[in-house]
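Peer 1: Chains as they are written, first to last, in our numbering: chain A, 1 to 407; chain B, 1 to 198.
One thing to keep in mind: the hints can contain errors.
As the list claims (entries may be wrong) - Restricting the straight-line Cα-Cα distance to at most 25 Å, the calculated cross-link-like pairs of lysine-lysine (DSS-like) are:
id : chain 1 : residue 1 : chain 2 : residue 2
1  : A       : 320       : A       : 356
2  : B       : 119       : A       : 320
3  : B       : 101       : A       : 320
4  : A       : 320       : B       : 73
To be verified - Part of the chain A face toward chain B, derived, beta carbon under 8 Å:
id : residue
5  : 32
6  : 74
7  : 103
8  : 110
9  : 118
10 : 168
11 : 203
12 : 238
13 : 240
14 : 248
15 : 276
16 : 281
17 : 284
18 : 286
19 : 312
20 : 319
Said to hold, decoys possible - Cβ pair distances, simulated, as ranges:
id : chain 1 : residue 1 : chain 2 : residue 2 : range
21 : B       : 87        : A       : 231       : 44 to 50 Å
22 : A       : 358       : B       : 107       : 43 to 49 Å
23 : B       : 104       : A       : 384       : 22 to 28 Å
24 : B       : 120       : A       : 374       : 27 to 33 Å
25 : B       : 87        : A       : 54        : 53 to 59 Å
No lab work stands behind these hints, which were simulated from the structure alone. Just so we're clear, the structure is a prediction, and the values are computed from it rather than from any experiment. C-beta: ideal position from N, C-alpha, C; glycine also.
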Amino acid sequence: MKQIRLCIVAGLLLALAVPMLAAYAESPIHLSNRLRVGYDDNINLLPEDMDPVDSFRLIEELEFLVNLNMERMYLGLRYRPSLIWYTDRDEANADNKDYDFLNDLDLNFSYEFTPSLALALNDTLRASQLPSIYDEYYIVRRDDDNIYNSALATLSYNILPKTRLDLSGRHILLDYDNEESARYGNYYSLVGGLTLRQQLASRTTVLGDARYQTLTYSEAPADHNRDADMIFFGLGAEQTFSPSLIGSLRAGIENRQYDDEDYDDHNAPYGEASLTFLPSPRTRLTGAASYSIDESDAGAYLSQNRTYLSLSLAHDITAKWSFYASTAFTLNEYDADYALDDTDPATPALDDGTEKTYLVSLRLAYRINRINWLELGYQFTKLDTDLQNRESYDRNRVDLGWKIQLF
Amino acid sequence: MKRILASMLVGLTLAATVAPAQTEKAEARKAQASQPVTHQQLADLLIKGLGLARFLPGNPSPQQMFDVLMQNKIRPLNGWLMDAPVTKADLARVIVQALDKVEEVENPDDPQSWIDTLKELGIFLDRVSETIQSVEVLPEGMAQDVTLQSTDPLIKGEQLARDDVSVQYTVDLNVLARILPEGEMIRGDYRPISPTPF
Numbered sequence: 001m002k003q004i005r006l007c008i009v010a011g012l013l014l015a016l017a018v019p020m021l022a023a024y025a026e027s028p029i030h031l032s033n034r035l036r037v038g039y040d041d042n043i044n045l046l047p048e049d050m051d052p053v054d055s056f057r058l059i060e061e062l063e064f065l066v067n068l069n070m071e072r073m074y075l076g077l078r079y080r081p082s083l084i085w086y087t088d089r090d091e092a093n094a095d096n097k098d099y100d101f102l103n104d105l106d107l108n109f110s111y112e113f114t115p116s117l118a119l120a121l122n123d124t125l126r127a128s129q130l131p132s133i134y135d136e137y138y139i140v141r142r143d144d145d146n147i148y149n150s151a152l153a154t155l156s157y158n159i160l161p162k163t164r165l166d167l168s169g170r171h172i173l174l175d176y177d178n179e180e181s182a183r184y185g186n187y188y189s190l191v192g193g194l195t196l197r198q199q200l201a202s203r204t205t206v207l208g209d210a211r212y213q214t215l216t217y218s219e220a221p222a223d224h225n226r227d228a229d230m231i232f233f234g235l236g237a238e239q240t241f242s243p244s245l246i247g248s249l250r251a252g253i254e255n256r257q258y259d260d261e262d263y264d265d266h267n268a269p270y271g272e273a274s275l276t277f278l279p280s281p282r283t284r285l286t287g288a289a290s291y292s293i294d295e296s297d298a299g300a301y302l303s304q305n306r307t308y309l310s311l312s313l314a315h316d317i318t319a320k321w322s323f324y325a326s327t328a329f330t331l332n333e334y335d336a337d338y339a340l341d342d343t344d345p346a347t348p349a350l351d352d353g354t355e356k357t358y359l360v361s362l363r364l365a366y367r368i369n370r371i372n373w374l375e376l377g378y379q380f381t382k383l384d385t386d387l388q389n390r391e392s393y394d395r396n397r398v399d400l401g402w403k404i405q406l407f
Numbered sequence: 001m002k003r004i005l006a007s008m009l010v011g012l013t014l015a016a017t018v019a020p021a022q023t024e025k026a027e028a029r030k031a032q033a034s035q036p037v038t039h040q041q042l043a044d045l046l047i048k049g050l051g052l053a054r055f056l057p058g059n060p061s062p063q064q065m066f067d068v069l070m071q072n073k074i075r076p077l078n079g080w081l082m083d084a085p086v087t088k089a090d091l092a093r094v095i096v097q098a099l100d101k102v103e104e105v106e107n108p109d110d111p112q113s114w115i116d117t118l119k120e121l122g123i124f125l126d127r128v129s130e131t132i133q134s135v136e137v138l139p140e141g142m143a144q145d146v147t148l149q150s151t152d153p154l155i156k157g158e159q160l161a162r163d164d165v166s167v168q169y170t171v172d173l174n175v176l177a178r179i180l181p182e183g184e185m186i187r188g189d190y191r192p193i194s195p196t197p198f
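If we strip away everything but chain A, and leave its shape as in the complex, we get (with noise of 0.2 Å):
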């Protein structure tokens, strides 16, 4: 509670502070704040069968933006705390916390050196105070306060006119503060690419990509390694196909190799397409599809194979309402011969299973003037699983929120 009254006061000094900053002409500094009430039927993502814990919340978030464009240079910077707060978290255990606050920070960095050799550099940071929480019955989770940060340096080259070679190198850290969490959470990641770009035509980029990366569990136990070196090779085409039509496709292959001898190489194809349409000028849709191999949800496995699907809509319905609605499908495939071996007999060998997760989210939103806006929210998840030990579960969740633009 502390950090909390910290971060409110950090926050009325910054709310005195932006504006004086901001009162300078053309300035690249913008506040906004966002707050969302709302009703969720399953805090806890409980199986209906389980007596899920439903709860009236509340989110305030800030987002404080700078944006400042130069001519050779861009900083884009944004900050955006969020707190996010339920009234009947706490009932069945004194322990609990009724406040989850999430803190997040974008940054974008390019500087042009000639016209043809530009360098970017893109910071992720996500700082997660997360408690822990009891149901009657469960631990629902561990106190798992956690860090994400992922860094990406670009350097791009134009080799000709109309070839551009990119190279790229990613750092990915996530650190949890609990010991027990850090043990089987914490990793690292290092990922080194490679892709060229071939302009086509004034509507087709062609391109061929290698990446190499590596995935260290930093804290885990040598009969939990799940460490793995990962090589990808890839083509793909970005095509305009119209002054309304847009799409991407990529696709390539990926040898893993773990890091426990015990495991075979896993090679497999991946894929991904993306096309964005607009049917009129009050209309978007967006739509992507990607399958691969990806780092596993349950812990239990070296990895998965993940198919997703999303399509999402933006409408304007007048001036002043919009509605929004998007659609997401996740299947996530495990495989038994990637599943950790158990040395306790007693532990029954797992098997071959699958999980599907299913999102539906709608939003209405009316413009009241140029810096106030109402919004509506209504999200609907829902996780089929038939791995061992797994739930199943689903959840509603309705929003009614204000935001607006302080500058």
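Using the hints provided, position chain B relative to the given structure of chain A.
Peer 2: Positioned in the frame of chain A, the structure of chain B alone reads:
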């Protein structure tokens, strides 16, 4: 005296070599400045001016930029084309769209009407770099979250163990993130466990 003469000689030699180089650079700059601005360059300026870079990977491709602009209902009449030069009609149209003033255009089918709308707003189209200064960060910028759908290890994101409130395409799409991620850390110690008092 010899040193002075030697220094002068070196200076003259340097001047003789540097001056043409400077002239070449200046000429190159002039040549570049005299070339028409392309859709690709305009898209880059808009992405940065509107604060949409956060939806894109580092040094995005032209089509990735066009895609995000289209998702924010910004496009020239005949669509985005990488090499096409920007006309006044193109510029007027995308600036009006970026300012969210489309409703003020009297006759959307007439390119001149878009130019007139900008003039009424006090924005002129003489230089792209100056006109672009009139756009501000979009308060409701949106794009499909590429980190969710991507298979590229340089782009794809972590499904974080948090009840994420991020809004992309202005609706929550990342809400499936917390699928009991801590429940399976050790085999035999799954949580939640059916029903086991702790």
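Peer 1: Now look at each hint and say whether the structure bears it out.
Peer 2: Each hint tested on the structure:
With a C-alpha separation of about 37 Å, the suggested pair residue 320(A) and residue 356(A) falls outside the 25 Å cut-off, and the hint is violated. Our distance criterion of 25 Å between C-alpha atoms is met by residue 119(B) and residue 320(A), whose separation comes to about 24 Å. Proposed proximity of residue 101(B) and residue 320(A) is supported: the alpha carbons are some 12 Å apart, at most 25 Å. For the hint linking residue 320(A) to residue 73(B), the alpha-carbon distance of about 15 Å falls within 25 Å, and the restraint holds.
Annotation: interface hint on residue 32(A) holds; nearest CB of chain B at approximately 7 Å, less than 8 Å. Here the hint on residue 74(A) is kept, as its CB sits about 5 Å from the closest CB of chain B, short of 8 Å. Proximity of residue 103(A) to chain B is violated relative to the hint, the smallest CB-CB distance being about 11 Å (cut-off 8 Å). The interface hint given for residue 110(A) is met, as the beta carbon of that residue sits about 7 Å from the closest beta carbon of chain B, less than 8 Å.
Against a cut-off of 8 Å between C-beta atoms, the interface hint on residue 118(A) holds, since the closest Cβ of chain B lies about 6 Å away. Among the interface hints, the one on residue 168(A) holds; its C-beta lies about 5 Å from the nearest C-beta in chain B, closer than the 8 Å criterion. For residue 203(A), the suggested interface contact is upheld, since its CB lies about 6 Å from the closest CB of chain B, less than 8 Å. Given hint, residue 238(A) at the interface with chain B, holds; its Cβ is 4 Å from that chain's nearest Cβ, closer than 8 Å.
Hint on residue 240(A) holds. Least Cβ distance to chain B is approximately 6 Å, under the 8 Å limit. Hint status for residue 248(A): holds, given a least beta-carbon distance of 7 Å to chain B, under 8 Å. For residue 276(A), the interface hint holds, the least distance from its beta-carbon to any beta-carbon of chain B being 5 Å, beneath 8 Å. Checking residue 281(A) against chain B: minimum C-beta separation of about 7 Å stays under 8 Å; hint holds.
Annotation: residue 284(A) was flagged as interfacial toward chain B, and the flag holds, the nearest CB pair being 6 Å apart, inside 8 Å. For residue 286(A), the suggested interface contact is upheld, since its CB lies about 5 Å from the closest CB of chain B, less than 8 Å. Interface hint status for residue 312(A): upheld, as the beta-carbon distance to the closest one in chain B is roughly 5 Å, under 8 Å. Hint status for residue 319(A) relative to chain B: holds, with the closest Cβ pair at about 5 Å, below 8 Å.
Between residue 87(B) and residue 231(A), the C-beta spacing of about 46 Å keeps the proposed range 44 to 50 Å intact. Roughly 45 Å separates the CB atoms of residue 358(A) and residue 107(B), a value that falls within the hinted 43 to 49 Å. For residue 104(B) and residue 384(A), the hinted distance range of 22 to 28 Å is not satisfied, since their beta carbons lie about 49 Å from each other. Between residue 120(B) and residue 374(A), the C-beta spacing of about 29 Å keeps the proposed range 27 to 33 Å intact.
Our hint of 53 to 59 Å for residue 87(B) and residue 54(A) holds, since their Cβ atoms are close to 57 Å apart.
Violation of the numbered hints given earlier is confined to hints 1, 7, 23; the remaining hints are satisfied by the structure.
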